[in-house]
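Novice: Just need the whole structure built from these sequences, with the hints factored in.
Here the numbering used here = 1-based position in the sequence shown + 14.
Don't take every hint at face value.
[What the hints assert, rightly or not] Label pairs and their calculated CB-CB ranges: (1) R235 - E122: 49 to 55 Å; (2) E215 - G152: 24 to 30 Å; (3) E247 - V55: 20 to 26 Å; (4) P59 - G132: 20 to 26 Å.
Derived from the structure by calculation, the hints contain no laboratory data.
Just so it is clear, the structure is predicted and the values come from calculations on it, not from any experiment.
Even glycine gets a Cβ: it sits at the ideal position worked out from N, Cα and C.
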Amino acid sequence: MTSPQRPPASLNGRLRAIGSATAATELRAMGIRDSHILGPVSITPGAAVAGPAVTLQFMPKREDLHPEVDVYADPESQLHRHSLYAAQAGDVVVVDARGDMSSGVFGEMMLTYFHRKGGAGIVVDGCIRDVGYAKQLGLGIWTRGATPNFHAQTNIVAFAVNVPIACGGRLVLPGDIIVADDDGAVVVPAAMAAAVADRAEAHAEWEEFSRTRLEEGGDLRKYYPIRADAQAEYEAWRAQRRGESGG
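Specialist: Right, dumping it as structure tokens:
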């Protein structure tokens with residue numbers, strides 16, 4: 015298990031403000047065809063997070079290697095706990111649960127612990143349990159669904175922490191930045207994160223101008239995207255806006 019490299023908190027904040035849709039758009043322009051983690055959806059409407067990934071990998075359970083045991087008999091042997099031990103404030107735990115819909119990766123005790131450590135959110139390509147409690151906790155949670163079963167009760171078992179994983183059809187490396195909100199979860203390669211933030215902030219600024227003009231009844235063909243004959247108008251708007259903000 016290797017610890018992920020963590021970016022400055024300011025970069026996480028910039029990416030959180032940008033949001034998953036704009037991050038995915040800019041990544042596409044930079045050569046990452048599809049960064050959207052397919053399957054997990056938000057069960058905490060309005061939650062928005064951006065933070066480095068701590069990864070947890072599940073594998074199919076094989077009875078000769080993983081016999082049924084009392085889950086309380088040797089709790090420290092359960093690797094799903096260790097992903098939370100490895101997490102720091104602001105991290106996002108990303109789980110390859112193989113899309114399994116019968117095992118609840120985390121429940122209220124694990125989620126409470128992670129929340130009190132300052133964790134930002136979890137993305138699970140599978141299920142959690144104790145969903146009613148989880149929704150009220152204050153974490154951002156993206157998951158395929160819910161189940162009453164515990165993490166290794168049925169078909170899968172926690173196998174490794176902080177290794178490369180496939181989550182929702184996307185490669186996630188420990189330390190990649192996860193940007194997640196109501197539109198879904200996006201994986202931003204760590205080495206590209208600062209450039210994504212720079213490009214996305216410029217994108218968000220011209221979109222704000224375009225939205226303002228469309229709200230005023232402007233022509234979609236002229237303002238989205240900004241046509242050449244609207245460029246000077248945009249530049250003037252931007253200069254005034256930056257002057258008012260002191261930027």
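Novice: Could you run down the list of hints and mark each one as holding or not?
Specialist: A quick look at each hint next to the structure:
Roughly 52 Å separates the CB atoms of R235 and E122, a value that falls within the hinted 49 to 55 Å. Between E215 and G152 the CB atoms are about 27 Å apart, so this pair conforms to the stated range of 24 to 30 Å. Take E247 and V55: their Cβ atoms lie about 39 Å apart, and the range 20 to 26 Å is violated. The hinted window of 20 to 26 Å between P59 and G132 holds, with their beta carbons roughly 22 Å apart.
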